[in-house]
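Engineer: Here the sequence shown stands for residues 72 to 277, where the numbers follow the working numbering.
Hints may be right or wrong, so weigh each one.
Stated by the list, open to error - Computed beta-carbon distance windows for the label pairs: (1) Q276 x A174: 23 to 29 Å; (2) T216 x A162: 16 to 22 Å; (3) R252 x K158: 41 to 47 Å.
Calculated from the structure, these hints are not laboratory results.
In this text the structure is predicted, and so the values were computed from the model without any measurement.
Cβ atoms here follow ideal geometry from the backbone N, Cα and C, with glycine treated the same way.
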Amino acid sequence: MAGSWWSVAAPRRMKWSSNLGGTLLLLSLMTLGQAYGHDPGRGPPSDTGPPLPEKTNASLPSPAEDNWHHNLVRERPVEVRLRTARKELQAGRVTEALLLVQAILDSGDDVFVRLETQPVPSGAQHLAYQFLASLSSEAQRTYETLHGSEARRLLAAPDSSRDLGHLTRVVRRFYHTAAGREATIRLAHHWFDHGNAELASACWQR
Numbered sequence: 072m073a074g075s076w077w078s079v080a081a082p083r084r085m086k087w088s089s090n091l092g093g094t095l096l097l098l099s100l101m102t103l104g105q106a107y108g109h110d111p112g113r114g115p116p117s118d119t120g121p122p123l124p125e126k127t128n129a130s131l132p133s134p135a136e137d138n139w140h141h142n143l144v145r146e147r148p149v150e151v152r153l154r155t156a157r158k159e160l161q162a163g164r165v166t167e168a169l170l171l172v173q174a175i176l177d178s179g180d181d182v183f184v185r186l187e188t189q190p191v192p193s194g195a196q197h198l199a200y201q202f203l204a205s206l207s208s209e210a211q212r213t214y215e216t217l218h219g220s221e222a223r224r225l226l227a228a229p230d231s232s233r234d235l236g237h238l239t240r241v242v243r244r245f246y247h248t249a250a251g252r253e254a255t256i257r258l259a260h261h262w263f264d265h266g267n268a269e270l271a272s273a274c275w276q277r
C-alpha cells in the first residue's frame, strides 16, 4: 500500500518542484540585470558559467581587467537582432522591430549578449523585456495587435489554469500583452494559495 502511494505521490512532487523552478527562472530572467565579471583564474576551459552575484559596492572592472567577459559565451546573432530591432524602431518600422524582439522571447533558451551601450553582458530576454517596456503607448498597442490574440489563445487552452508550466510559458513569451499580465496574476494567486508569499509578491510586483 505504501509503495502504491509513493508511486503516485512522487511524480506529483517532481512536477510541483519543476513548476516552482520554472517560475523562479522566469522571474530571474525578467529582472536579471547585467552580468558582473570576475577573473576566472585557472579554472577548467569549460568553466564559463556566470558567477554568483556578490553583495559589494565595488566599481565595475575596466574591460582590460575583466578577464571573465572574454571567456563568456555570447550569441552574436541575437545581438545583431537586438541592434536591428532598435534601428527599425528608430526608423519608424515598429512592426518589424517588434517581430525581431518577439523572436527572442519565443526562444526557449536565454543567452548572454553585450550591446555597445552596456559595459557588461546581459540576458537577451531581459533586454527584450526592457525594449518592450520602453515602447510608446502607440507601439504597445501595435504589439498587442500582433501578439495579443495568440497569447489569449494559449491562455484559454484547456486546463491552462491548472498547468503552471503552461502559465509560465505564456508569461515568458507574452508578458507585455493583456493575456500575459492575466497569466502573471494567475501565477501570483497560485503561489499565494500554496503558501509561497515571496513568489506571489514577485509576480504581483511585475
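Engineer: Compare the structure with each hint and give your call.
Structural biologist: For each hint, the structure was consulted:
no. : hint                    : result
1   : Q276 x A174: 23 to 29 Å : holds (27 Å)
2   : T216 x A162: 16 to 22 Å : holds (20 Å)
3   : R252 x K158: 41 to 47 Å : violated (28 Å)
Hint check: a violation occurs at hint 3 only; the rest are consistent with the structure.
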